[in-house]
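*Asks:* Each residue of the sequence shown is one higher than the one before, starting from 4 at the first, in this note's numbering.
Among the hints, a few may not be true.
[What the hints assert, rightly or not] Pairs of lysine-lysine residues, derived as DSS-like cross-links and limited to a Cα-Cα distance of at most 25 Å, are as follows:
# : residue 1 : residue 2
1 : Lys759    : Lys728
2 : Lys541    : Lys614
3 : Lys31     : Lys759
4 : Lys614    : Lys31
5 : Lys400    : Lys320
6 : Lys728    : Lys763
[As the list claims (entries may be wrong)] Derived CB-CB ranges, DEER-like:
#  : residue 1 : residue 2 : range
7  : Arg246    : Pro185    : 18 to 28 Å
8  : Thr244    : Leu341    : 42 to 52 Å
9  : Ser511    : Arg202    : 55 to 65 Å
10 : Pro351    : Pro195    : 46 to 56 Å
11 : Glu42     : Gly265    : 46 to 56 Å
12 : Arg349    : Ser412    : 21 to 31 Å
13 : Gln366    : Pro276    : 21 to 31 Å
14 : Arg355    : Thr659    : 52 to 62 Å
15 : Arg355    : Arg202    : 33 to 43 Å
Since the hints were made in silico from the structure, they are not lab data. Cβ coordinates follow ideal geometry from the N, Cα and C atoms, glycine included.
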Amino acid sequence: MRARIGCMLLVGFLWGSSAGAQEVSRYKQPSSDIVALLEAPSPPSVQLSPDGRWLLLMERPTMPTIGDLAQPMLRLAGVRINPRTNGTFQTQFIVRLTLLDLQRRLMQPVELPPEPRIGFVSWSPDGRRIAFVQQDSEGLALYVADPLTGRSRRLEVGRLNGSLGQPYQWLGGDRLLCWVVPEGRGKPPAPPEVPEGPRVQETAGRQAPVRTFQDLLSSPYDEALFEYYFTAQLLELDLATERVSLLGEPGIFDEVEPSPDGRYLFVARILRPYSYFVPYGSFPRQLEIWTRPGGVRLRTLALLPLAEDTPIGGVRKGPRQVRWDPTHPARLLYVEALDEGDPRRRVPHRDRLVAWEAPFEAQPQEWLRTEFRLTGLQWTERGDGLLVTELDRPTRKTRTFWYDPRNLSAPPRLLFDRLTEDRYNDPGQWVMRTRPDGQRFIRQSPDGRYAYLIGAGATPRGEYPFLRRIDLRTFRTEELFRSADPYYEMPIALLDERLLLTSRESASEPPNYFLRDLRSRTAVALTHFPDPQPIFRKVRKQLITYRRKDGIQLSGTLYLPPDYQPGERRPAFIWAYPIEFATADAAAQVSGSPNRFTRVSGASHLFLVLKGYVVLDNAAMPILGGQRANDTFLEQLILNAEAAIRALDSLGVADTRRLGVGGHSYGAFMTANLLAHSELFRAGIARSGAYNRTLTPFGFQNEERTLWEAPELYVRLSPFMHADKINEPLLLIHGDADNNAGTFPIQSERMYHALKGLGKTARLVQLPLESHGYAARESVLHVIQEMIEWMDRFVRGSPIGSGGQ
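Work out the full structure, taking the sequences as your base and the hints as a guide.
*Replies:* Following this line, the structure appears as structure tokens:
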């Protein structure tokens with residue numbers, strides 16, 4: 004009897020204590036119409052062959068399953084790998100390849116292995132072959148396909164080692180360089196049954212401020228696993244003879260690049276000692292020059308020590324951005340900091356560009372110096388122009404100079420000078436061409452006079468992409484094509500001086516590929532992908548602009564439900580992400596386009612539109628002030644939110660007494676702060692955020708001051724420290740395997756604990772196996788339903804006077 008009473012009391016205690024506590028639940032699903040929309044086939048991604056003849060269409064399933072995410076995973080030195088495959092951890096694969104012959108306008112499938120799980124697809128530089136990697140139960144296998152026949156075959160090179168990314172690269176059109184698992188590697192290291200001793204780290208007065216990285220090494224066992232899985236053997240495969248040649252000894256190779264003449268290799272090897280503090284990119288590395296064939300080390304360019312002390316916002320000491328000069332048979336170029344990599348040092352020049360020419364016996368020669376940090380180096384295909392781009396991160400100023408490579412001592416020509424945040428004056432990206440030997444250059448017209456630029460074309464009316472050409476004698480630009488209403492048409496590639504490949508869409512037409520004749524100004528459709536989500540064509544979409552109280556113009560995209568009737572005021576949801584700006588002019592620039600086709604995928608908040616909510620998406624949240632923007636972060640955040648609400652009110656579409664707000668990552672940080680420091684909203688949805696800035700003490704987002712330099716700022720901007728002021732319900736969602744710097748899952752856990760302890764209304768949803776974004780079908784559907792239920796519960800049905808405006 005006592006046992007029975009005790010059991011009843013225990014059951015009663017457990018039942019009573021479960022209210023507001025953990026829930027053991029199964030995955031939820033939204034309504035079947037939303038599920039069907041998410042499962043609609045996605046349009047394929049594409050790759051154009053280097054010769055411009057073929058367009059390769061690559062199809063993927065819409066979403067992986069939670070079973071895909073449940074594959075084995077090791078987190079080592081900032082990288083996630085699958086130990087079964089010895090490759091990076093992947094959940095999304097290509098399942099179909101189709102070739103579109105642009106000359107004959109015919110489609111042709113590419114033969115794939117059974118149960119295709121394809122990745123790392125690439126064209127050979129001459130456009131005669133396609134290589135890809137198949138993941139199967141034995142690991143990663145390399146295939147090559149012939150575009151003329153569509154047939155493919157497996158290459159006998161052994162198991163590829165893809166722990167650091169793509170496990171092969173082209174060496175011209177008929178040779179491949181491969182990273183493979185060393186023969187006879189044996190079984191992986193076994194974890195120690197008994198600890199050999201404590202884990203010890205020691206510092207000796209040398210500053211080493213770093214951001215809060217995740218997935219780092221943490222023990223000698225981790226170090227052994229890192230060496231086991233990341234050590235690879237380099238080999239070269241001749242596709243004509245199928246002869247395999249080993250290159251050098253096994254090692255951990257971060258970079259391997261052949262010289263244009265094929266006689267040498269630049270090799271970057273990762274060495275010990277490893278770090279428990281930073282990812283592998285900061286480990287010691289030896290920069291070497293090898294002979295090819297054979298893989299014999301000829302020279303050592305540099306031995307770079309462990310870089311734990313690289314200043315935040317700075318660069319590593321020693322040679323970086325090492326590459327071959329594509330205009331020379333064998334000349335190595337590299338950048339070197341003149342300020343010891345520290346942006347706080349006052350120096351006349353930040354960087355220098357250095358050249359070292361084969362046979363690498365003479366001393367390297369300095370070519371030029373840059374006032375700002377050197378970030379880009381590009382050559383024209385005739386070799387008559389060297390374009391150098393530099394960036395001053397504190398002021399966000401970027402400049403591009405034109406040098407005559409035959410006379411580098413001559414003053415360069417300043418081509419572009421702007422702020423990186425100034426989208427209206429963005430000149431675009433250079434149109435590039437790949438030569439059959441694999442070298443890439445800025446494309447020039449047949450007579451060498453012109454080069455070409457493709458840009459997004461941001462304007463006060465939205466984005467209107469363009470193709471321009473620039474006269475390399477006068478440096479004047481001429482617009483050859485500009486997208487026009489009602490279309491959003493983005494140039495993809497210039498096939499010749501007359502034909503332009505574009506992707507075209509409108510608010511009512513899904514994206515398809517077109518061949519545009521620049522002379523006749525006509526366009527022919529190459530693909531005819533149908534509308535995968537017709538219901539969203541009934542959603543009214545509008546790019547709106549409005550102003551905050553200090554006069555800064557803001558913008559956002561307004562979505563009205565399919566059944567919306569003019570004059571109705573619906574409950575509304577604002578989704579946003581704060582961005583820092585140095586100038587008011589840049590902050591006021593419009594982003595987005597009214598002509599984009601709405602295709603909703605993943606755990607999108609836009610599904611709320613189908614449930615009757617008005618949604619203001621990408622509501623501008625500029626924070627002005629440059630390096631000191633965070634000094635007024637909260638005040639500007641509230642100004643932005645108030646302006647968005649006034650805009651919704653003036654348009655007469657929203658019931659401003661029933662408003663929700665949400666965001667992802669830094670947008671989640673924004674959401675919690677808005678609830679803590681204003682009474683504008685009924686409820687919030689915060690996904691994958693960071694709420695306690697003392698857990699990111701060496702900076703966050705664009706904030707470079709440390710916690711000890713600005714302790715009041717870190718406390719003031721941490722919604723965790725102001726959880727007692729949050730009077731509105733807050734839904735917190737976080738992936739259990741979040742690997743984004745700073746957004747550890749514990750951020751949401753501790754925020755929830757604070758809200759629970761203070762008697763607030765909150766819900767914490769932790770998604771198994773998910774990272775910073777949410778990938779698995781089960782997780783995506785669950786998050787959508789959680790957001791719908793939260794909004795229905797606390798915004799749609801919120802009684803007047805329960806908080807908010």
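*Asks:* Each hint should be assessed against the structure and marked as holding or not.
*Replies:* Each hint tested on the structure:
{"no.": "1", "hint": "Lys759 with Lys728", "in the structure": "holds (13 Å)"}
{"no.": "2", "hint": "Lys541 with Lys614", "in the structure": "holds (13 Å)"}
{"no.": "3", "hint": "Lys31 with Lys759", "in the structure": "holds (24 Å)"}
{"no.": "4", "hint": "Lys614 with Lys31", "in the structure": "holds (17 Å)"}
{"no.": "5", "hint": "Lys400 with Lys320", "in the structure": "holds (23 Å)"}
{"no.": "6", "hint": "Lys728 with Lys763", "in the structure": "holds (9 Å)"}
{"no.": "7", "hint": "Arg246 with Pro185: 18 to 28 Å", "in the structure": "holds (19 Å)"}
{"no.": "8", "hint": "Thr244 with Leu341: 42 to 52 Å", "in the structure": "holds (48 Å)"}
{"no.": "9", "hint": "Ser511 with Arg202: 55 to 65 Å", "in the structure": "holds (60 Å)"}
{"no.": "10", "hint": "Pro351 with Pro195: 46 to 56 Å", "in the structure": "holds (54 Å)"}
{"no.": "11", "hint": "Glu42 with Gly265: 46 to 56 Å", "in the structure": "holds (48 Å)"}
{"no.": "12", "hint": "Arg349 with Ser412: 21 to 31 Å", "in the structure": "holds (26 Å)"}
{"no.": "13", "hint": "Gln366 with Pro276: 21 to 31 Å", "in the structure": "holds (30 Å)"}
{"no.": "14", "hint": "Arg355 with Thr659: 52 to 62 Å", "in the structure": "holds (57 Å)"}
{"no.": "15", "hint": "Arg355 with Arg202: 33 to 43 Å", "in the structure": "holds (40 Å)"}
When the structure is compared with the earlier hints, no violation turns up for any of them.
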